[in-house]
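Chemist: Using the sequences plus the hints, can you model the full thing?
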Amino acid sequence: AFRLMANYPNPFNPETWIPFELAEDAHVTLRIYDLAGGLVRSLDVGRRPAGEHVDRTRAAHWDGRNAAGEQVSSGVYAYELRAGEHRELRRMVVRK
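Numbering (the numbering used here), first residue to last: 598 to 693.
Calculated from the structure, these hints are not laboratory results. Bear in mind that the values here come from a model prediction, so they are computed numbers and not experimental data. Check each hint, because a few of them may be wrong.
Label-pair distances were calculated between CB atoms; the ranges are [to be verified]:
| no. | residue 1 | residue 2 | range |
| --- | --- | --- | --- |
| 1 | Asp-660 | Ala-603 | 14 to 22 angstroms |
| 2 | Val-651 | Glu-677 | 13 to 21 angstroms |
| 3 | Asp-622 | Lys-693 | 32 to 40 angstroms |
All residues carry an ideal CB built from backbone N, CA and C; glycine is no exception.
Modeler: Structure representation (structure tokens):
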């Protein structure tokens, strides 16, 4: 099954890991949005094999920075995992 899990830790500062599961091999992209729907950062996770990607070496990683390399402010953000035709969205909290 395709499944996006809760990021760890949540809330976090300054970085977080986002575990997921893939039903089949897929190219994975992680997109971070602010609550207004604006794209904060897009991360190319790369091609990943089917299975669970739950530990720090396999999960997606976000360093808490925007596309310009600046640390984001405290607040609630949405993250979307895209893998092939699958998409799933969850929320996370940045706390400073």
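Chemist: For every hint, state whether the structure bears it out.
Modeler: Each hint, compared with the structure:
no.: 1; hint: Asp-660 - Ala-603: 14 to 22 angstroms; result: holds (18 angstroms)
no.: 2; hint: Val-651 - Glu-677: 13 to 21 angstroms; result: holds (18 angstroms)
no.: 3; hint: Asp-622 - Lys-693: 32 to 40 angstroms; result: holds (38 angstroms)
Going down the numbered hints, you'll see the structure goes against none, and every one checks out.
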